[in-house]
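> As a plain string of letters, each chain reads:
Number of protein chains: 2
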Amino acid sequence: MNNPVLVEITRGAVVESRHRGAVAVVDASGATVFSVGDVARPVFPRSAVKAFQALPLIESGAADRYNLSASELALAVASHSGEPRHADLAAGVLAKAGRDVNCLECGAHWPLNEEVARDLAASGAKPSALHNNCSGKHAAFVCLACHLGEDPAGYVQAEHRVQREVKAALESMTGTTLGDDMRGTDGCAIPTYAIPIAALAAGFARFGSGVGMDQDRVRAASRIRAAVAAQPWAVAGKDRLDTVLMELFGQRVFMKTGAEGVYCAALPELGLGIALKVDDGAKRAAECIMAALLGRYLELSDAEHAGLEPHVRQTQRNWNGADVGATRPAGALA
Amino acid sequence: MNNPVLVEITRGAVVESRHRGAVAVVDASGATVFSVGDVARPVFPRSAVKAFQALPLIESGAADRYNLSASELALAVASHSGEPRHADLAAGVLAKAGRDVNCLECGAHWPLNEEVARDLAASGAKPSALHNNCSGKHAAFVCLACHLGEDPAGYVQAEHRVQREVKAALESMTGTTLGDDMRGTDGCAIPTYAIPIAALAAGFARFGSGVGMDQDRVRAASRIRAAVAAQPWAVAGKDRLDTVLMELFGQRVFMKTGAEGVYCAALPELGLGIALKVDDGAKRAAECIMAALLGRYLELSDAEHAGLEPHVRQTQRNWNGADVGATRPAGALA
Chain A
1 MNNPVLVEIT
11 RGAVVESRHR
21 GAVAVVDASG
31 ATVFSVGDVA
41 RPVFPRSAVK
51 AFQALPLIES
61 GAADRYNLSA
71 SELALAVASH
81 SGEPRHADLA
91 AGVLAKAGRD
101 VNCLECGAHW
111 PLNEEVARDL
121 AASGAKPSAL
131 HNNCSGKHAA
141 FVCLACHLGE
151 DPAGYVQAEH
161 RVQREVKAAL
171 ESMTGTTLGD
181 DMRGTDGCAI
191 PTYAIPIAAL
201 AAGFARFGSG
211 VGMDQDRVRA
221 ASRIRAAVAA
231 QPWAVAGKDR
241 LDTVLMELFG
251 QRVFMKTGAE
261 GVYCAALPEL
271 GLGIALKVDD
281 GAKRAAECIM
291 AALLGRYLEL
301 SDAEHAGLEP
311 HVRQTQRNWN
321 GADVGATRPA
331 GALA
Chain B
1 MNNPVLVEIT
11 RGAVVESRHR
21 GAVAVVDASG
31 ATVFSVGDVA
41 RPVFPRSAVK
51 AFQALPLIES
61 GAADRYNLSA
71 SELALAVASH
81 SGEPRHADLA
91 AGVLAKAGRD
101 VNCLECGAHW
111 PLNEEVARDL
121 AASGAKPSAL
131 HNNCSGKHAA
141 FVCLACHLGE
151 DPAGYVQAEH
161 RVQREVKAAL
171 ESMTGTTLGD
181 DMRGTDGCAI
191 PTYAIPIAAL
201 AAGFARFGSG
211 VGMDQDRVRA
221 ASRIRAAVAA
231 QPWAVAGKDR
241 LDTVLMELFG
251 QRVFMKTGAE
261 GVYCAALPEL
271 GLGIALKVDD
281 GAKRAAECIM
291 AALLGRYLEL
301 SDAEHAGLEP
311 HVRQTQRNWN
321 GADVGATRPA
331 GALA
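Protein sequences appear in the order of chains A and B.
When you line the first sequence up against my numbering, it's residues 1 to 334, in that order.
When you line the second sequence up against my numbering, it's residues 1 to 334, in that order.
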């Protein structure tokens, strides 16, 4: 099946590049509200399901035992930019479990935000695993392991109890069975399982509405949504779309980007879950599609419309700041 | 027309992302040797045609008048990484024409190479227009304007004599007429014209073989090819594909990347020209396709095969250095 073009990049009067993809919007009953492209195809959700991966942290009691704050819970579901406040927060989470950066198995990389990376370089420092965009999730995994009485060492391995708990949460939220044939290794070394786009959307409809989940999970999901809405800087960072739009919409939107053009969201007031994957993995296209979908489903105030619109139709500027083209929704999203 | 999938990104046993595109390989007689996808579609060649844009610099006598070295000619066709040696070289070109960085109209940006950018930040400096990846081309434009007795100011405008000379070279090399309806503004502020992929390939077959060009142009093209082969660091930079593969192949290959997934090349020994565009603009896919095409057409020594193969099938590694997947040619290129 050829997924349709959903985003165009224009330059002057010419369409310069095109992005194809698939989108599913599902309501709390599991019914499809909108679907385009092959939404039955399993895709790696990557970081877009960090909220599901954080459920065992809360449901096990680990978050309460270590007295994790809203910022720290938001960091647990973050793909953060590696700003100093993110790295410090991750270190603090580890300290609450009596651990430190040496426990992290995600690897080190320069902060995702290039300005932050240059500032770090200018300070004479090198990045550590605390700057890894997944350090909050990994610090949470360490907390979970410690709370469960497990040695954190090897917590990224599929057979470690932490990853078994995480996989069970993913299966339960998405109504899938995740076999080893659908398993890959994520950038931060943990397993990632390919899941149909429609099942991911159904999972986020549950996550936002609470429909079909037991009361412990309803409370855990609600706590995560409230934490991210209260501290949206912790889940991404300065100028990042997740942060900018959750600052704008508060608890009306829970949204989370993933690598390779995946995006998931929950719109609790409408009971809707959204999942999308851009075929080629482009972040710019995934962001454009998600912004267009938010504009399609949410009732917007003038201020919200003004805040959202620049992310739906993004002006392309050259190095002199001149307007040379646009990124815009196309086809079924135009 | 749906262009076919030409590159796949795998993770574990699953294809995670897919890139579509079109490729034309044309011989010196203008005959199509290989074609996949819609090669009649006009695409912005962006920086992939810098070699054509540099022809007036040589043909006008400007390169001789200002005594430009091989490195400086290579820089004139470069999309460089903004290393100190690139910025210094651009400043030297401007000085030869009695000008300086203030003449450049390309805008400033941090070096393309993130490590170079961090080093610059660590030194306490900010980037100037000399670090713009197009600074060599722009310095060459300033030389051309000065040599022609024109005020360089406004040399990026379509109606300036420099851009009229550049456009004439593009039309002549590609056998096209470039109307204003096909004009966009490039990242560095000069006009870019959409040109059919097949016409771009034909232009590079001419550029490499000399067939169908007058003697002045044959000499100018030969001089550019020799300059880049002698100083491949100047055309891109450390670890960049153009530099790495032209270091490997010398004058057997002239290749040049462009923004938004365009790549062009000439294989002089075979009289072939190559042009390709990835629909979604992804550099990783354009590089994979170009490497696959070089492997298909060139006769390779064992050392050349060993040097090329890691760019055809690229291993994807996570932050811990573990092999998690691959970028590989697909469909007609598999």
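It should be emphasised that the hints constitute simulated quantities derived from the structure, not laboratory data.
Mixed in with the good hints, there may be bad ones.
Just so you know, same-sequence chains aren't split out, so a pair can sit in one copy or run between any two.
[As the list claims (entries may be wrong)] Derived pair list, reagent style EDC-like, types lysine to aspartate or glutamate, alpha-carbon separation capped at 16 Å:
#1 K167 / D181
#2 K238 / D216
#3 K126 / E8
#4 K238 / E114
#5 K238 / E115
#6 K167 / E309
#7 K283 / E171
#8 K96 / D64
#9 K283 / D181
> Hint by hint, work out which the structure violates, then give me just those numbers in ascending order.
Checked against the structure, the hints that fail are numbers 2, 3, 6, 7 and 9, while the rest are satisfied.
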